[in-house]
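Engineer: Chains as they are written, first to last, in this note's numbering: chain D, 932 to 1079; chain R, 932 to 1079; chain C, 4 to 80; chain A, 4 to 80.
A few of these clues could be false.
What the hints assert, rightly or not - Among chain A residues calculated to face chain D with C-beta under 7 Å, some are:
id, residue
1, Phe11
2, Ser13
3, Thr78
4, Gly80
Stated by the list, open to error - Example chain D residues on the side facing chain A (calculated, C-beta under 10 Å, incomplete):
id, residue
5, Met991
6, Trp1007
7, Val1018
8, Ile1027
9, Val1028
10, Ser1053
11, Phe1057
Worth flagging that the hints you see were computed from the coordinates, not collected in a lab. Nothing here was measured: the structure is a model prediction, and the numbers come from that model. All residues carry an ideal CB built from backbone N, CA and C; glycine is no exception.
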Amino acid sequence: MLVEISEQPIDVWPRLASYEDEHPELAGQHGASVVFAGRMRDFNEDETVRQMQLEHYPGMSEKFLEDIVQRAMDEWSLMDALVLHRVGKINPSDTIVVVVVWSAHRAHAYAANQFIMEALKSEAPFWKKETLDDGQTRWVEKNTPGTV
Amino acid sequence: MLVEISEQPIDVWPRLASYEDEHPELAGQHGASVVFAGRMRDFNEDETVRQMQLEHYPGMSEKFLEDIVQRAMDEWSLMDALVLHRVGKINPSDTIVVVVVWSAHRAHAYAANQFIMEALKSEAPFWKKETLDDGQTRWVEKNTPGTV
Amino acid sequence: MSIEVKFFASLRERVGKPSDSIDANGVTTVLEVWQQTVGEPSLDPHILAAVNMEYVSADHAVCDGDEVAFFPPVTGG
Amino acid sequence: MSIEVKFFASLRERVGKPSDSIDANGVTTVLEVWQQTVGEPSLDPHILAAVNMEYVSADHAVCDGDEVAFFPPVTGG
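With the hints as constraints, model all of the structure from the sequences given.
Structural biologist: Here it is in structure tokens:
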């Protein structure tokens, strides 16, 4: 399991390639991998968003991400899980969050990945502040629901 | 939308990086991307599997993958979808199938990705033949269910 | 006047041929295509049938120029 | 003998400080920490509270050395 919070941009696909290279124990063992990549949109609630500032509670954010992943590993049959979360200044199209799980079976991979994202969205102490086109800033007040 | 069936190995992460580079219209517009990667395990039903042969019904397999993706795009709000399926000789740890969807919202991305995989597994005309450790071959008789 | 018939995977191996071609004359359903090409009276309900790349049931009508395929449950992905 | 208090995001801006430190003497609950550091009698139920990085309710007990945090609903991911 790896949980990482960083101000550095997440280059998601090369990062996943390196991670799998560094974990040869996954090769041949997992039948399914599910990846969620959350990206910054350049609009929100009908307004253009130019930039975003992502604040977190250092210490508690890491603790909660690790705890959430552990709950997923206790509930489903996972071989490994990876969660990367960006903080600091973020530009449109940047990757904000990445959740990856590896499992023998696809049903577990889908369920665990979605569980981690929903728990992260409701429990992990991160907050988004948007800078609009006119330079005004506003805090995002709540996350959108995770159901269709 | 892109659907591709090929005997060439799927180098999934670099392929996704190139696909997103070639589709700049996705950047800043999608908030969520969900990827499913199905990999060949080196075991199945308690036996070591050395190699696999993936047969398909050329013409009908492409048609069904495209049709399934179209149904997903009609049902959920997706910006784009990509399905890659390998055929021919496959070795353990190789990627067999990749399903990617891009959406404004994560709930749609998860639901659509899982729908495409389940429909692919039950409708798309592909068949797996395994070569076991002793050189014996056997056809996989049915797919595992997609629920936990 | 002919109907093209295809067999896939384990069924292809059991039938012993990947494809066949039969005269469309007097053949009206998928079941009759099966009987004429494989020589078995009934079609195992586990076997899937497609006409022109669409899934159909055994009583589906066939006509000249159709492509009929028979295969076991799919196992891709 | 002190309790460290932290504020985050919009609440940090409203309160006007990222952190505070109060004497643990005579302070027994999270609500009392809020009252003493922010000067408001009640804690809006939308505001989340954590003691030592675990979510708690306003009536949760606090003691010397605790880290208490207040923040708005989370919006990461």
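Engineer: List, from low to high, the hint numbers that the structure doesn't satisfy.
Structural biologist: The structure breaks only hint 6.
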